[in-house]
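Asks: The chain contents come next:
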Amino acid sequence: MRMSQSYREEGTLSRQDGRITFRGVPLVKLILRNKEYEVKPGMTLLSALQKINIVPESVIATRDGEMILDDEILKDGDVVKLIAVISGG
Amino acid sequence: MKCKKCGAKASVNMRQHKLALCKEHYLDWVPEQTERFIKKYEMFGHHEKVLVAVSGGKDSLGLWDILNRLGYQADGLYLGLGIDGRRSPSGDGIDYSHESQRLTQKFADARGVKLHIVDIEKEYGQPIPILSEISHRGHGKPCSVCGLAKRHEMNRIARDLGYDVLATGHNLDDEAAVLFGNTLNWSSEYLLRQGPVLPASDGLARKVKPLCRFYEREMTAYCLLRGIEYIYEECPFAEGSQSIYYKELLNQLETTRPGAKLTFYLRFLEARKRGDLFIEQDIAHAHLHPCPRCGQPTSTADLCSFCRMIEKVNSVPTS
Chain U
38 MRMSQSYREE GTLSRQDGRI TFRGVPLVKL ILRNKEYEVK PGMTLLSALQ
88 KINIVPESVI ATRDGEMILD DEILKDGDVV KLIAVISGG
Chain P
39 MKCKKCGAKA SVNMRQHKLA LCKEHYLDWV PEQTERFIKK YEMFGHHEKV
89 LVAVSGGKDS LGLWDILNRL GYQADGLYLG LGIDGRRSPS GDGIDYSHES
139 QRLTQKFADA RGVKLHIVDI EKEYGQPIPI LSEISHRGHG KPCSVCGLAK
189 RHEMNRIARD LGYDVLATGH NLDDEAAVLF GNTLNWSSEY LLRQGPVLPA
239 SDGLARKVKP LCRFYEREMT AYCLLRGIEY IYEECPFAEG SQSIYYKELL
289 NQLETTRPGA KLTFYLRFLE ARKRGDLFIE QDIAHAHLHP CPRCGQPTST
339 ADLCSFCRMI EKVNSVPTS
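If you read the sequences in order, they're chains U and P. For the first sequence, this note's numbering begins at 38 and goes up steadily by one. For the second sequence, this note's numbering begins at 39 and goes up steadily by one.
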């Protein structure tokens, strides 16, 4: 199992019924390019991005193909795809 | 969060405008605003032929889509740069130019719009990375040669094919990052040239940036909501670039100060238009006169700022 970036040093992750859990609590997964992060459900998207040190202005979040906003509460089992908006060179 | 126009669930929130919109109203709002900027900055009219420089990225394809929706005569120009990530220093990228050309062609075919394709290797014998190596320009990265070749070829094609204007997909984040870099270096010559329109001059086509007031995030949202397939992968040579670093810094600022990027750019344009940039002023004697209350020098018409503040404080009844 791929370890969560935010919970890596706080404790162990495990799987329950196919879901990623931390100390028995199901997690929300956020994916940016080829990196995966996990946070606890119940927090807003904005809080989750701040927790995993992603600048909210630099991404757009989608869940089930729909764009979601900063105030969206993330639920147990959510998989949020983060789309980087910065381009150029 | 609700759409300000219809109350449905919002898809996009633009904190700098205090405006949240649903998909339908956002997809109407973007072309409306683009039309407003085209007119405000006198970029071009419906009678003129526009050549849109398209790279396969979100901004240029988004711009081409918007101009077609607005009914402009907008054809596309794709430059084949010959950039292949598999041959980049990291060697783990994609065939970037091939994929971006495929997506651009797919966009044009789906809409039945005219696309000109110019291949740099066919025209000049070598792709951009090799031209860069041979010419020893750019300190080991082809970005400088790439920029030079794109500017040259875009101008050449626009002129040779009789287009009135060349439109690029530069967004506000692009402009703010350039402005930030030029300000850090106090590059007065570049600062004085930067703007939404670069007028035509001898041998140079008029260049315009109709998206210059949209955040990069807004253009990404536009393409996602419109279903425009664009190249998501970064140019393999863009990693670690200065402009991306500046954009990240500005986005950190924007997160805590919504509207900071927009204000930075718009205030610059206003100052440039007024001619305030780099004109030495006699600040010490700029209309200073004694405050009628405290006698200290002030530039305001009546009381100095401190005395006005105290006056305001004293005017509030205390309990």
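No lab work stands behind these hints: they were computed from the structure. Values in this document were obtained by computation on a predicted structure and should not be read as measured data. One should not assume that every hint holds.
Just some of the chain U residues that point at chain P, by a computed CB distance under 10 Å [unchecked claim]:
id, residue
1, Ile68
2, Lys72
3, Glu73
4, Pro78
5, Met80
6, Ile89
7, Ser95
8, Asp101
9, Asp108
10, Val116
11, Ile120
12, Ala121
13, Ser124
EDC-like, lysine to aspartate or glutamate: derived pairs with alpha carbons at most 20 Å apart [to be verified]:
id, chain 1, residue 1, chain 2, residue 2
14, P, Lys56, U, Asp101
15, U, Lys72, P, Glu271
16, P, Lys61, U, Glu109
17, P, Lys61, U, Glu103
18, U, Lys118, P, Asp113
19, P, Lys47, U, Glu73
20, P, Lys40, U, Glu103
21, U, Lys66, U, Asp101
22, P, Lys179, P, Asp133
23, P, Lys47, U, Asp107
24, U, Lys88, P, Glu272
25, P, Lys56, U, Asp107
26, P, Lys144, P, Asp113
For each residue, glycine too, the CB sits at the ideal point set by N, CA and C.
Asks: Tell me the numbers of any earlier hints that the structure contravenes, in ascending order.
Replies: 1, 2, 3, 4, 5, 6, 8, 10, 14, 18, 19 and 24
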